[in-house]
Structures are given as structure tokens and as C-alpha cells.
Amino acid sequence: MVKRKSALLLYLGLIIGLVVSVFPFYWLAVMATRTTAEIYSFPPKFWFGTHFISNITRVFDNVDFFGAFLNSLFVASCSTLLVLFFDSLAGFTFAKFSFPGKKWLFVLLLATMMAPSQLSLVPSFVIMAKFGWVGSFKALIIPGMANAFGIFWIRQYAQEAVPSELLDAGRIDGCGYFRLYWNVAIPILRPALSFLGAFTFIGSWNDYLWPLIILNDESKFTLQVALSSLNGIYVTDYAMVVAGTLLAVIPLIVLFLFVSKQFISDIAAGAIKS
Amino acid sequence: MAQPLQNRTQFDSGSSMQLSERKRGLASEIWKHRKQYLAISPFYILFAVFGLFPILFSMYLSFQRWDGIGVMTYNGLNNYQFMVTDPEFWKAVGNTILIWIYSSIPMLFFALIIAFLLNASFTRFRTFFRIGYFLPNVTSLVAVAIVFSTVFSNNYGLLNYFLSLFGLSPVEWLNKTWGIQLAVSVMVIWRWVGYNAIIYLAGLQSIPTVLYEAAKIDGATGIQSFFRITIPNLRPIILFTVITSTIGGMQIFTESQVLVGNDGGVSGGGLTIVLYLYREAFVNNYFGYGSAVGWGMFILIALFSVFNWRIVQGGGAKDE
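Protein chains in written order, with my numbering: chain A, 1 to 274; chain B, 275 to 594.
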């Protein structure tokens, strides 16, 4: 009896928490199907309306939403691919090879994670201006294409997952260094890579402050910057802003649901390790 | 008399030969591993150009007066002097700390509760719950701010509707300092509770069950084993979440900027340090001053982290 009661209480707590977590998504979807007048009506409408198509149409009429979507997709995909390549190459090297100064270099790598990023906001912008990268996707992709966290992550995984015997066998078969990486290590590292890839993609897709500073031409706006400017300009047409927001959120939720189970375990594992 | 000298020269030449041989040995070792160095080099090159150099450069810039286009002029300590005497800067610091307190304490508290509920032995659908709780964390801050602006809307917001159900009069949330801070804090809590809960859950699951069983045999109550086993074992994880939430809390920008704009709203309640830095540097084009604010922020974060570290560690020393 006591057990059943406490189980009931437990599920009640969990479900209340879940409703709070998920409700804003539902609310977003409901608002996207309503007119602005309906959004700001008392009592609020908690069920879907009929204006979704017209809201979406206005989104596409007023901003180059599809362009912004493609920009985000391009930036996030390039960032992810480059991060995966450079981080896995370096992580694999740190895990499976010994060379003079390795220990010291790795400590240095970990120490860079402490470097505060906000500190360098202004000078980074100045450097981008010097390179002529202001307004260019290069400024969003290149500085972050090899990062300490990813190298650390891959190294931890590779140390245990890639057997040294397999590398020796590869060497005997005449595999060079790069072949060992590409043909032997990469297939084994796939689980670690898929987490790092999803993590990088989500981070890049959601990034706001840096793109806001760098991108000055509307045709280059990423989704987040486009959304924010939509939000700033069309105060009176909130239904449209909300519909745009919904469209911007959906792709990432879909991506997340695909990778979620492993992704969440890896997030926790990453925190425990560090 | 000549012999010792000769000896010494012999000895000297011998040691220098050894040294050069060793040098040659190291050089050839390095040359042998050139591919490995090449493989790890991108990170170090990128860090030097886009990480280290900007930090040094920002030190230099913070002593200059510069609008980003014209001529840079040396400004001495004026930027720093202006910063510490600017009431707006201190307002931003105060707001940031307040928002951090409003958000991180409930956030970590709820996260701990959720982690306990998920960890209970008979909880089912654990994966399903974890995904649901984690979902807010992958959502973009801009989208979150847009959704929550309708919840906290001044007149016909969702929150005011709930107030009206209880016969309470509506509150103009976004016209009040504390209202804006509450809205920002709620967004932070909503987005990060699940993330922290997942981390606590992993921490709870890593505590060996043997410890609890032994305590049970010794006659410990549930509350006793919570304070004597769970909390001490969870301490490093709690420290981790406190530090990450401090670093995150000091960098709050998007929530405020999208919700109430570059000035932090009507009463400036949403003006955080990073928003202040952004406004001074990139809206008003005070590049030198923006760099100085960056350093001010860095010092504050460092002090704050040490302070937090002390509290979490100090609490531990008393228990043991």
C-alpha cells in the first residue's frame, strides 16, 4: 500500500515536470496556428487554430526564411564535418601514438578550455575584420573547426575502443598513418563521432551572439539571427513570428529525437569524466 | 700542469658531443613523428590565432580609445576608470548576479529532485522521461525567448491569464525590473533543469548500491543514508554543475536581448554584463572600452568561481 502510494506520488512528480518541459513546445505550435489577435485574447486558446498556412506564407513573404534555413544548414554542416575530421584525427593521435612532448601538449590543450570566450569577443571581431571575414561564413566556421573538448572526447573513447593490436596488424599490412586513421580508427570511433557530430551541429545551429556580430547582410543571416530580427521588426504580427519560430525549432527536435538516447547518456558521461 | 687542462678539454668535447647527439636524437624523434604533429597541429594553430592572440590583443585594446574605424589613441587606465564608475556597469553586474541566483538555485534543486525520481528503482519509461526533460536544452535560445515573451506578456500573457483565474489583477512583467529578471530566470531554469537532472542521475547511478545495503544493515534510515552516502558521493558532480551554471549564468545574453532588447528593457532589469559589453562594443562602437569590460567580466567570473568552489568544498569539510 505504502509502496503504491509513493509510486503514485513519484509518477505525479515526474509527469508534472514533463508537462512543464514540453508545454512551451505545445504552446508554440498552438500559437503558430492562430492569428495575433487570438494569441493575445482572454481566455487564451489552448487548442490549434486554422491560420497556420497563412502565417507561414507571411513568414516566407517577409523574410528569406528558406535562405536563412539553408545558411544555417550550410554553416552547421560544414562546422560539424570539419570538427569531426580534425578532432578525431587529433584525438586518435593523442590516444594511440607516443611522440616527444605529448603529455605537455595535452595538458596545454586541456588548459585552453579555461580560456574565457567573452573576453575575446571584441578582438576576435577585429581579427575577422582584418581577414576580411566580417559578413562571411568563414568567421563562423573556421575558428571553431578544431576544439579541445572534441579532441578530449575522442581521445578518451579511442584509448579504450581502438585495440593497439589492430593498429599493429594494419602496419604489417602496409597501412600508413593516414590509412590507419581512416580505415581502422574511424569505423571504430563511430559512436563517439555521432555524439560529437550531433553536439556540434546543435551548438552551431543555435549559436546567436557571434553570428549576430559577424553577419551584417540579410542574405547571409542564419536562422537565429533572422528570427531575432523578425521578432524585432514585426511586433504587430506576432502570429507570423511564432510560426517562423516553430519552423526553426522543428528540424533540430527531429534531429535530437533520432540521436537522443545515446546523446543524453554521452552528455552525462562527459560531465562525469570532467 | 697541462694535463688537467687537456683532460678538461677532452671531457668538455665529450659532453658537448653527447649533448649534440641527444639533440640530434630528439630532432630525429620529432622528425620521425612529423605526421603526428601535423595531425594535432590544427587545434594549436587555431587556438593561437583565434584564442590566445585575441586575449593578448584585448589586453592591449583595453588601454586604447578606438571606434573600430578611425585612429587608435592611447587611453591609459581611463577605460577601466570609466567602467568602475559607470552605474550602468554595476547595474549589469548586479542584474547578472541576481538572475544567476534566481535561476541556479531552483534549477539545481529541481534537477536533483527529478534525478531522484528517475533513479527510484521502480521507475519505468525512464528513457522517455529523460528525452522529454532534455528537449528544452537543444532548443535555440532565440526561440525560447520568443515563446516566453508571450507567457510573460504585459497585458494578455499566459501568466496574467492564470493570475486572473485566481482573481488577481494582471502584472506588467516586462515593465518591471524584477519581472524581466524573473522571466529571464524562468527561461534559464526551463532550459537547464533537464540537463542538470541527467548529470545528477548519472552521478546517482555511479554510487555503488553496496554502500546503501551496508547502511541498511547497520540500521540507517533513508534520510541518514541520503545525507551520509548520497550527498558526499554526489559532491564532485554538484560542484561541476555549480561551476558550469556559474560560468553560464555570467554569460547570459540571448534571453535578455531577444526578450527586451539591447538596453535591457524599460527599467534596464535585463541588462546583463554580456549585453552591456555587446551594446558598448558593437552598438556604440567603443571597442577599447568593450575590451576593458571583457576583462572586468573575466575577473568577476574568476572571483565568483573561487567563491563558489569555497562554499561547496567548505560545506564538505564540515560534514566529514
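Note that these hints are calculated values from the structure, not bench results. Please note: incorrect hints may appear among the correct ones.
[What the hints assert, rightly or not] Cut-off 20 angstroms, straight-line C-alpha distance, at most; resulting in silico cross-link-like pairs (EDC-like, lysine to aspartate or glutamate):
| no. | chain 1 | residue 1 | chain 2 | residue 2 |
| --- | --- | --- | --- | --- |
| 1 | B | 306 | A | 217 |
| 2 | B | 365 | B | 537 |
| 3 | A | 96 | B | 303 |
| 4 | B | 309 | A | 217 |
| 5 | A | 130 | B | 537 |
| 6 | A | 130 | A | 266 |
Residue 130 of chain A paired with residue 537 of chain B [C-alpha distance capped at 20 angstroms]: violated, 29 angstroms
Hinted pair residue 96 of chain A and residue 303 of chain B, Cα distance within 20 angstroms: With a Cα-Cα distance of about 16 angstroms, the restraint between residue 96 of chain A and residue 303 of chain B holds, given a limit of 20 angstroms.
Would the hint linking residue 365 of chain B and residue 537 of chain B be met if the CA-CA limit is 20 angstroms? The given pair, whose Cα atoms are some 12 angstroms apart, holds under the 20 angstroms limit.
Can the restraint linking residue 306 of chain B and residue 217 of chain A be considered satisfied, given a maximum Cα separation of 20 angstroms? violated, 48 angstroms
Proposed proximity, residue 266 of chain A with residue 130 of chain A (alpha carbon, max 20 angstroms): violated, 39 angstroms
Hint check: residue 309 of chain B vs residue 217 of chain A, CA-CA at most 20 angstroms. Holds or violated? violated, 41 angstroms
In terms of the numbered hints stated before, the structure departs from hints 1, 4, 5 and 6, listed from lowest to highest.
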